[in-house]
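Build the full structure now, drawing on both the sequences and the hints.
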Amino acid sequence: MFTLIGDLIGSREVPDRAAVQRTIGKILDRVNGAIDTVQLLEPTVGDEIQGGFHTIGDATLATLLIRLELAPHVDMRFGLGYGDVTVHDADRRPLLQDGPGWWTAREAIDKLKGKHGTFYVGPQGGDRTPDPALVNAFLLARDALVATLNDRQHRMLLLALRGKSQRAIAEAEGITESAVSQAFARGVRAAHDAQVTFGKAA
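Numbering (my numbering), first residue to last: 1 to 202.
Just so you know, not all the hints are guaranteed correct.
[Stated by the list, open to error] Cβ pair distances, simulated, as ranges:
| hint | residue 1 | residue 2 | range |
| --- | --- | --- | --- |
| 1 | 171 | 125 | 47 to 55 Å |
| 2 | 114 | 174 | 31 to 39 Å |
| 3 | 133 | 181 | 31 to 39 Å |
| 4 | 123 | 171 | 44 to 52 Å |
| 5 | 15 | 181 | 36 to 44 Å |
| 6 | 9 | 38 | 20 to 28 Å |
| 7 | 99 | 133 | 21 to 29 Å |
| 8 | 36 | 181 | 25 to 33 Å |
By construction, these hints were calculated from the structure, which means they are not laboratory data.
The beta-carbon is built from N, C-alpha and C at its ideal position, and this holds for glycine as well.
Structure, rendered in structure tokens:
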């Protein structure tokens, strides 16, 4: 299973932490509805979330959708891992579990050392997982590209990843299709296509 651990950035400085936690819960519900999960994304202890996926493509897409939904007010860093997971208590929420899947995701988020972004750590040996170097090269390039986009472009990218047409995006933003086309040419399309292409190849 490909595992995801997310950590809310700067949570102690957030004025209304309860409101942020409610928002995160709603975001996770939407992402769970959009992506086929092995384990549903859910809040865990502190300011963290976790979830499990069939593919690294789905796991990376989840990180992008969550970040775009949280923007521009708060952000989240992500550690992605891979490996077996043992659930000790399926009735508990969050699930009581451990195993290499979660150990690698924890190692990945620790490697960020408090910085923004997303990092992937694969298992030692084996051939059931993509090359971590290639995955992290993609994540670094994708996150750098998304960082160049403004708030409106972030919203456009989110809608595009949800399958909305440029006409629908123009209506949602209250602007012309020409303005949307220009925004796509300035980075939205590149970010969208990078994520979609990686997801198909992974």
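Are any of the numbered hints broken by this structure? If so, which, sorted upward? Violated hints: none at all, because every hint is consistent with the structure.
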